[in-house]
Structures are given as structure tokens and as C-alpha cells.
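Just need the whole structure built from these sequences, with the hints factored in.
Protein chains: 2
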Amino acid sequence: MPSSDSVWLRPDRPPRDRRLDRERIVGVAVALLDAGGHRELSMRRVADALGVTAGSLYWYVRTKDELLELALDHVLGEIAADPDETDWRLAAAGLARSHRAMLLRHRWALSELTVRPNLGPNAFALAEAGLRVMSRAGFAGDGLDAALAVVNDHVVGAVVAELAWRDALRDAGTNWTETVGEYLREAVGGHPLLASRMAASGDADAERESERRFAFALDVLLDGLAARRPQSDDDMSGESGGRRVR
Amino acid sequence: MPSSDSVWLRPDRPPRDRRLDRERIVGVAVALLDAGGHRELSMRRVADALGVTAGSLYWYVRTKDELLELALDHVLGEIAADPDETDWRLAAAGLARSHRAMLLRHRWALSELTVRPNLGPNAFALAEAGLRVMSRAGFAGDGLDAALAVVNDHVVGAVVAELAWRDALRDAGTNWTETVGEYLREAVGGHPLLASRMAASGDADAERESERRFAFALDVLLDGLAARRPQSDDDMSGESGGRRVR
DNA sequence: GACCTCCTTAAACGCCGTTCAATACCCTTG
DNA sequence: CAAGGGTATTGAACGGCGTTTAAGGAGGTC
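Here the protein sequences line up with chains R and G, keeping their order. Sequential numbering from 38 applies to the first sequence in the working numbering. Sequential numbering from 38 applies to the second sequence in the working numbering.
Stretch-level coverage of chain G by chain R, calculated; a stretch enters the list once three of its residues show a Cβ under 8 Å from a Cβ in chain R:
no. : stretch
1   : 145 to 158
2   : 180 to 191
Distance windows between CB atoms, simulated:
no. : chain 1 : residue 1 : chain 2 : residue 2 : range
3   : G       : A243      : R       : P267      : 21 to 27 Å
4   : G       : P267      : R       : L87       : 57 to 63 Å
5   : R       : L87       : G       : D102      : 25 to 31 Å
Please keep in mind that the hints were generated in silico from the structure rather than gathered at the bench. Idealized CB from N, CA, C, for every residue including glycine.
Dropping the structure here:
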């Protein structure tokens, strides 16, 4: 039996009265990123917001990249699935919508996804939740990964496009009084289909339109998946009637 | 008749013997980005590579962001469609594959897409090419945008996931001798589906696997689109037989 | 040769991520 | 309660960054 001063018998040291911890640092980082994107985030600014010098952050975090890794996993934790939803299409669509909503709340997260391998606990939990949905839908083996990827990839790609378009419209509003208008007319000149689509989309409410698009694409690809569902012929339980997901 | 010194009668001044122009600058920027991502690109480095000081770049480009805008449009120009392909599924798949190949060649471009509205001439030309494919497929009006978006968004999302995974594996190879292996085992502990999928994918050739995945998802969503094609019932010309796209 | 415009330089500004010796704080030990 | 030691923070410094600006050189025009 180990003596009474063995590490295993002593309770974990009570945390000291520190001014900082990872959670607070990540919280400030996420707030700064939400407020102004990557341009707003610097180690000095995070430290200032916490009433501390920049160097002290390096006690909790090895580099700024590591801080961004933590921030990304933090917001991945906001994606939620309804575990009681038995209809696989509704479950998949719900997860996708929650995913999209989070990416729209934290625009910077999208750039992080493209730049950083993602191995935090929330990333794993999210993957498991997605796999569970697709597994209940009947997919298994290689098809399980693949089915989930179809949905996840669509979410990411759709939000990339949506945000790029939204930014373009914002720039248009502020900068495009006349000069750029002319450039646009000229640039779109040789592109009749593009011109007609741009003309048609001029008046619509961009946000509602994005949501309709997202739902449409989701229906398209859930249809495609449904046709490949292993027991799609003999198991109709928990199946939503039509194509519409919402 | 205008006098002989009118601007319209004088030929455009022969370009002076400059050491720089936008094309050369963008070329160097793309090369640096291809070589080492964003960390390699600085105005000073671009200037060095051209045998010039950093400040002189600002004669051709207002900011570094503007240079990145040019670089992004430059690589978007590499995406090519076969204009003679009459089967709409093959045409859409070809464009998607060319798109994916370009994003894999220029990994940094993906981050740019998430951060930058994209209004260059090559971006417009690419959009028109995509619209043309979907228009020939029978889509029109709002459905035309939507159908193209389904395919494009998938390309972007799939490459994001593919690169993130590839990076994770690379980190795994270099850093994961033992310490991280333990972390992984623990992190995946509560996630049985994830654990089984990770175990299953350990031995496969990652690149081939990515391509199979990409083709699978493409089939899924082209199936979904085919079911919504306006004249899908009475127009079977140029229709590829089965589901397999490749 | 004088002039003017175009292009480039060199230096500077302020901010950045990161490192490090010095130091203060607080808990444990004697 | 004094001493000691790991814990946590400071402040200064380094080199690199994007960008600005005054000064100057290099071509073409008169």
C-alpha cells in the first residue's frame, strides 16, 4: 500500500487564485473574433481585455495558433442535435441547420476550418452525433462516412458561398455608387446567363433566399441519399412522407 | 477632324521599360502561396523575388488584400469546362472535378474564398460556364442558380473536409509517436461509431479514398438534381445511362 | 540640355507574435 | 512565523509585418 503522500492518494491540488485560465482566454478570443474577424484578434488585445500583459497568455497557450484551435473547438460545441428525432431526414436536416447557424454566428470559424486540422473534443462529439444520425438511417461501413460527408460538406460549402455573396452585396452598397456599376456592367457583358440571374436576384431578400436555397439543396441530397439507403425498400418506419424537409 | 495630337489619334504610349507589372507580381504571389501558404507571402518577400523594394509594389496594387484578390481570380481562371460535352451530368461532373483539382493545387485559395467577395473576371466566367451547363440540363429561373449551387457548394465543402483530414493525418505522422495516441484513444473513447470508422480507415490510401468519396457524393446530388430537372420526363437526349459518373 | 511624368528607393511608423530575465505571489515546509 | 520553491505575471526586447512618404533617378518630350 502506498504511503500517504503518494500522488494517487492526495486529492488534486485546489486551483490557485489565478486571474486567468484557458476558458476565460478563449472566451475573450471568440468575442473579439465575433466582433471583427481575424483583424481584431491579437495576443495583446486579448491580454488587454483581461487586464494582463501579452506574455502571460503564453503560460496557458503555446502559440496564437493554439488559441485559435481552442476557439474553433469552442464554437463547434454550439452545434446541437435533437437526440429524440426518429425521422432520419429530419434529424440530418436539423443537425445541418444547427451547423449552418453556428457558422453564420461565427463567420471566422469557416476560415479556421479550411486552415486547421480539427481534433478537439467537440469536433469528435459532433462527428459522433452525425454518424449516429446516419447510422440510425441505415448506413454502415464505408457508406456511413460517405453519407455524413455528403451532408456536412454541403453545409460548409453553402455557407462559404452565402457569406461571399453577402460580402459582395455589402461592398456593393458602400462602394458602388457609379464607378463599380460600370465595371460590373462591362464584366457581365459577355455572360448572358449570369446577367439575367443577377438582374433577377436584385430585389429579393437575401437572407430568406439563402435559407430557401439551403433547404432546397438539403432536399436534393437527402433524396439522393435516400435512394442509396441500405434498407430503403423494406424499412419505411421513421420515414418522412414527401421530399420537403421543412 | 481632331488635331493630330488628340488622344484618340495617338497610339497608346508604348509601355515604358518597367521592371514590374501586375501579372508578374501576381505570378510571384501565387508561387509563394503555393510553396508555403499564407505564412510565406509578405509584400517584402514578393518584392525580394522580383529584385525590388516592398514599397514599389504599391504602385501597382493598393493593399496586400488587393493582391490576394488578384491571386484568387488568377487561379479561378484555371478551372476549365469541356464546352462540347452534351451529357449534362458529365459536363457538371467535369466542371466539379476541375474545380476540385484547382483547389487541391492551390490550397490557400480555399481560405481566400471564405474571406473575400469574389468579383474578378475569371470568377464571372466560371459562374457563366456553370450556369451554361445547368441551363443545357433544363434548369431555368431560380432553379438554375440553385442547381449550380448544389454542385459548387459540394466541391468547396468536400475539399475543405479533405484537406482538414489530410493535415490531421500529416500531423499524426510527425507528432503522434505515443503521447497523442493516448489522447486520441481517450478522446474517441465515448464515441463508438467514430472509433470504429477511424479504425476502418486506417489502412486505406487517403488520396484514392478522397476521390471515391467525391465521386460518390457527386452521384448522390446529381441524382437528386435529375429528379427535379424540369423536362426530366420527356427529354432523355444526352442522358447518361446509370448513376455512376465516372 | 531642361523639364515633366513615371517609377523606385530608403527610411520610418506602429503593430504584430514570441521570448526571456526578473519579480512578485502564494502555498508548503520546517 | 520564517524560509523556500514552484506558480504566475511583468516589462522589455527582437525581428518581421503592412503601409506611408519624402526624395531621387530614369525615360520620353521639347
